[in-house]
Each structure stands twice: as C-alpha cells, then as structure tokens.
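J.: For the sequence shown, counting from 1, position 58 maps to 57 in numbering that gives the first Met the number 0; every step adds exactly one.
One or more of the hints may lead you astray.
Stated by the list, open to error - With beta-carbon atoms standing in for the labels, derived distance ranges:
1) 63 with 93: 13 to 21 Å
2) 42 with 81: 18 to 26 Å
3) 34 with 69: 27 to 35 Å
4) 45 with 69: 13 to 21 Å
5) 50 with 94: 32 to 40 Å
6) 83 with 42: 16 to 24 Å
7) 78 with 42: 16 to 24 Å
8) 41 with 77: 13 to 21 Å
Keep in mind the hints are simulated off the structure, nothing from the lab.
Each residue gets a CB set at the ideal place from its N, CA and C atoms; glycine is no exception.
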Amino acid sequence: MLRFFVSILLVTLLSGCASEEFELYHRINEAYDFEVTHCDSFAMVTGLGRGENALADAKLSAIKQGEEIQGTHIVWLQIDQGEPTRVVAVIYKCLL
Numbered sequence: 000m001l002r003f004f005v006s007i008l009l010v011t012l013l014s015g016c017a018s019e020e021f022e023l024y025h026r027i028n029e030a031y032d033f034e035v036t037h038c039d040s041f042a043m044v045t046g047l048g049r050g051e052n053a054l055a056d057a058k059l060s061a062i063k064q065g066e067e068i069q070g071t072h073i074v075w076l077q078i079d080q081g082e083p084t085r086v087v088a089v090i091y092k093c094l095l
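Using the sequences plus the hints, can you model the full thing?
T.: Given below as structure tokens:
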C-alpha cells in the first residue's frame with residue numbers, strides 16, 4: 000500500500016514538472032556593453048511580447064534568436080514596454 004502511494008506521488012510530481020515550459024539555462028549570456036569590448040558584434044535581434052509576461056517573452060524571443068546564430072552574449076539596446084512590448088539587442092560572439 001505504501002508503494003502505491005509513493006508511486007502516485009512520484010507520478011504527480013513528475014507530471015507537474017513536465018507541464019512547465021521554461022528553460023533554466025541559456026547558452027547566451029546577458030551583458031553590458033563594457034563587458035563585450037573584446038568581442039565581435041555581428042547581429043541585431045528583436046523580440047515581441049504581449050500579455051502578462053510580455054517583457055519576459057520578448058526577451059526570451061530575442062535570446063533564442065541569438066542562440067540560433069550561435070552568439071555568446073546579448074546586450075539590450077532598447078526596451079519599449081508598450082502594447083506590445085518590444086526589445087532590441089545586439090548579439091556578440093566572444094572568443095575567450
């Protein structure tokens with residue numbers, strides 16, 4: 000009987016974790032412009048977000064674009080928190 004309850008508890012916990020859709024780790028680092036002076040800037044990206052998590056969604060969109068082009072750092076240039084929320088950033092590739 001105890002095994003049954005432990006099994007149900009584990010299944011419940013695992014299914015709850017599986018339904019969360021967020022990433023805890025990104026290959027790209029947020030930086031300030033003075034931190035990337037030794038790096039090559041090679042792209043600008045934009046992000047767009049709406050609703051309750053508009054800023055987070057807009058930033059995540061830009062970060063994903065930067066990761067797709069294999070950038071290592073992102074520097075935010077502009078954040079417009081209107082409706083919709085927009086962000087603009089520069090992607091850098093730093094070879095340390």
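J.: All hints are to be evaluated individually against the structure, with a verdict given for each.
T.: Outcome of the hint check:
1. 63 with 93: 13 to 21 Å: Holds: the Cβ-Cβ distance is about 19 Å, inside 13 to 21 Å.
2. 42 with 81: 18 to 26 Å: Holds, since residue 42 and residue 81 (Cβ atoms, about 24 Å apart) stay within the stated range.
3. 34 with 69: 27 to 35 Å: Cβ of residue 34 to Cβ of residue 69: about 19 Å, so the range 27 to 35 Å is violated.
4. 45 with 69: 13 to 21 Å: With Cβ atoms ~18 Å apart, the hint holds.
5. 50 with 94: 32 to 40 Å: This hint holds: roughly 38 Å between Cβ atoms.
6. 83 with 42: 16 to 24 Å: holds (22 Å)
7. 78 with 42: 16 to 24 Å: holds (18 Å)
8. 41 with 77: 13 to 21 Å: Holds, since residue 41 and residue 77 (Cβ atoms, about 18 Å apart) stay within the stated range.
Checked against the numbered hints listed earlier, the structure breaks hint 3 alone; every other hint is satisfied.
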